[in-house]
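Undergrad: Residues per chain, in single letters:
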Amino acid sequence: MFLTNRHIMSLAIAVCSGLMLWVLPTLVRGDNQLFAMNATLLPVLAISLMLVLSAIEFGLSVLNGSKSAQTRQMALDEDVKIKTAQVFSVCLVVILMVLFVLLLPKLGYLLTSTAFLLGLMLGTGGRRPIIIIFTAIIAVSVLYIALRYGLGLHFQIWPNLSFGNS
Amino acid sequence: MDALIAGIQNALSLGPILAIIAGVSIGIFMGAIPGLTAAMAIALLAPITFGMDPLTAVAFLIGIYKGGTFGGSISAILLNVPGSPEASATAFDGYPLALSGRAKQALQMALFASVAGAFLADMMLFAVAAPFSRFALKFGPTELTFVVLFAFTFVAGLTGKSMLRGMIACAFGILCAMVGLDPMEATPRMTLGYIELLDGLPLLPIAIGMLGVAEVMNAAERNFARRGQGTKTAQQSVSVTSGPSLPISTFLGHWKTVLRSSLIGSAIGALPGIGASMAAFVGYGTAQKYSETPERFGKGILDGVAGPEAANSAVVGGSFVPLLTLGIPGNVTTALLIGTFLVHGIEPGPHVFKTEPTLIYGIFTILLIANFVNLMVGLLGSGVYSHIVKAPEYISYSIIGLTCLTGVFASTNSLFALYVMIIFAVIGYFMKKFDYSFVAFLIGFVLAPEFEVSFRSYLLISQGDPIGQLIERPIGLVFCIMTIIAIVRIGRSEHRKRQIKSNTTL
Chain A
1 MFLTNRHIMS LAIAVCSGLM LWVLPTLVRG DNQLFAMNAT LLPVLAISLM
51 LVLSAIEFGL SVLNGSKSAQ TRQMALDEDV KIKTAQVFSV CLVVILMVLF
101 VLLLPKLGYL LTSTAFLLGL MLGTGGRRPI IIIFTAIIAV SVLYIALRYG
151 LGLHFQIWPN LSFGNS
Chain B
1 MDALIAGIQN ALSLGPILAI IAGVSIGIFM GAIPGLTAAM AIALLAPITF
51 GMDPLTAVAF LIGIYKGGTF GGSISAILLN VPGSPEASAT AFDGYPLALS
101 GRAKQALQMA LFASVAGAFL ADMMLFAVAA PFSRFALKFG PTELTFVVLF
151 AFTFVAGLTG KSMLRGMIAC AFGILCAMVG LDPMEATPRM TLGYIELLDG
201 LPLLPIAIGM LGVAEVMNAA ERNFARRGQG TKTAQQSVSV TSGPSLPIST
251 FLGHWKTVLR SSLIGSAIGA LPGIGASMAA FVGYGTAQKY SETPERFGKG
301 ILDGVAGPEA ANSAVVGGSF VPLLTLGIPG NVTTALLIGT FLVHGIEPGP
351 HVFKTEPTLI YGIFTILLIA NFVNLMVGLL GSGVYSHIVK APEYISYSII
401 GLTCLTGVFA STNSLFALYV MIIFAVIGYF MKKFDYSFVA FLIGFVLAPE
451 FEVSFRSYLL ISQGDPIGQL IERPIGLVFC IMTIIAIVRI GRSEHRKRQI
501 KSNTTL
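Line order of the protein sequences matches chains A and B. So in the working numbering, spot 130 of the first sequence is number 130, and the numbers just go up one at a time. So in the working numbering, spot 280 of the second sequence is number 280, and the numbers just go up one at a time.
Read the hints as simulated data drawn from the structure, not as lab findings. Hints may contain errors.
Stated by the list, open to error - Pair ranges (Cβ atoms, derived):
| # | chain 1 | residue 1 | chain 2 | residue 2 | range |
| --- | --- | --- | --- | --- | --- |
| 1 | A | SER68 | B | GLU292 | 43 to 51 angstroms |
| 2 | B | PHE50 | A | GLN156 | 51 to 59 angstroms |
| 3 | B | GLY101 | A | ALA12 | 48 to 56 angstroms |
The C-beta atom is built at its ideal place from N, Cα and C for all residues, glycine as well.
Start from the sequences, fold in the hints, and give me the full structure.
TA: Put into structure tokens, the structure is as follows:
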């Protein structure tokens, strides 16, 4: 069968919606009968809509793709190519942000933010060490001063040395 | 009358004026950087308004909205890179003007047309909003259900490349908004045992993730792609000081284009889902249609800058009509504004004209003042902004990434909210790649709680006969018919487009 990434995405949404519909009653406390006048009503309608529409989209595009070589070419032209650059960029930003969240309570705002900024600038194409370090220090300082003295917010700024108690 | 005078007095006090100046400056700054929009600026900076009084907070955000709309034209004219999607049409003639040594004239025409368009739209809002709100007071659960359903259909059908995918995105937004306590029975649902989710998924981390962090991912992707190809991108820049200034008489000579585009922009702004980009293209097309020299469009003509700029700026005033009178946001920016209004205890809708008339007239006055501030800041800062658009991508996007994290943490003081932001950034990134409109998602997310209450109330009132109840409520019936017509028309137009495309492929 002729499948593009768009087809796979539609199929994945339809399957996930189906699964969600199946487990929904276990996620709602109290009266959880599906399609009844209770807390499940709108979630069920939204999931059903997603299920039906993605199934229609999948069906229509597969049907169109199998019509002729031209329609198949059109589907290929409209397809979303998943490139290594996309995977790397998502992984880079997600890993740096998760590290920021994990390290913030341990290292404090100043060190974590500076490290995050250095990592992101290197990851997004920064190559001049002096500019990168200078920009990171200035940006973190400005943000901290604006938040602390401009808005009166209190952050833990230095490392928490009382390990095990946090 | 007392409310009007009090509203004007409040808006003219120091706090709101300073907030407008700050907002407009930041809006122009953010709008001028390619890839960053007024919506993103509002999402990033909304948390800092939580400590302000409601009018000052609204003044700051309106300033960003107005400044951001004009800011997009700076990079469109100087670099041929639209700072925001609605500035794309401005680049068609703005950049050729800049190349021919008339950059300053193009920038000033963009600024004057933008301010004039926004001013005319605000005056129309002033005239239309109050009477319309009195009409909207007649809306009960039946009417609200079908008005919101109409808004969902319009937004889902027109904000992306496919109505089906737009509707899927909108339904996903509604589903995400259902997390937390059920508003009618206080039953926890889809919280997965997390206490933090009892209040529902927070709007700001989701909006910041989908708008800001997803854009940082795009910047990282561009860098990886460039490295893979072994190329460096060079941006061609044009001096902002090149060429003579624009005489006021020349600008006034284009009054017909500005007036026409302002009317188009106001009307389009009042309809949910269409947005400033469409207004700008329609404004450009109409300017060309009525021009005496249509063949000069695209080669550098001032009408080609005035048309789209007046239209996209007029959308701001137009979009406040459904926002303030019905509580329905027509685009991402107004969806974010609604979120911030709610934080400050302002619930937009027909009742707000009765309960908070002073605040409403204050907002109207702020909208008008923001235009003059936009003009002032735009004229004074055009030299500085031209340097901003040339800032290296790795610096601007890295700082945006840190601002996203800091903004969410500062506003929620919760690491959980940061995880929500990261998850929705990944979702937003792939939604954009696969053309699932994140605008439809966000509007579905913002409107779903109100929709749920009115929809379930409508079903309760109807006592098992929803169609009979609908027939008894003519306004609801009209919106129901309009929803069906919109679905059919959008579906047919998409089908036609596909047929044309397949014929050209053949």
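Undergrad: Are the hints correct? Go through all of them and say.
TA: Hints and how they fare:
no.	hint	result
1	SER68(A) <-> GLU292(B): 43 to 51 angstroms	holds, 47 angstroms
2	PHE50(B) <-> GLN156(A): 51 to 59 angstroms	violated, 20 angstroms
3	GLY101(B) <-> ALA12(A): 48 to 56 angstroms	holds, 53 angstroms
When each numbered hint is compared with the structure, a violation occurs for hint 2 only.
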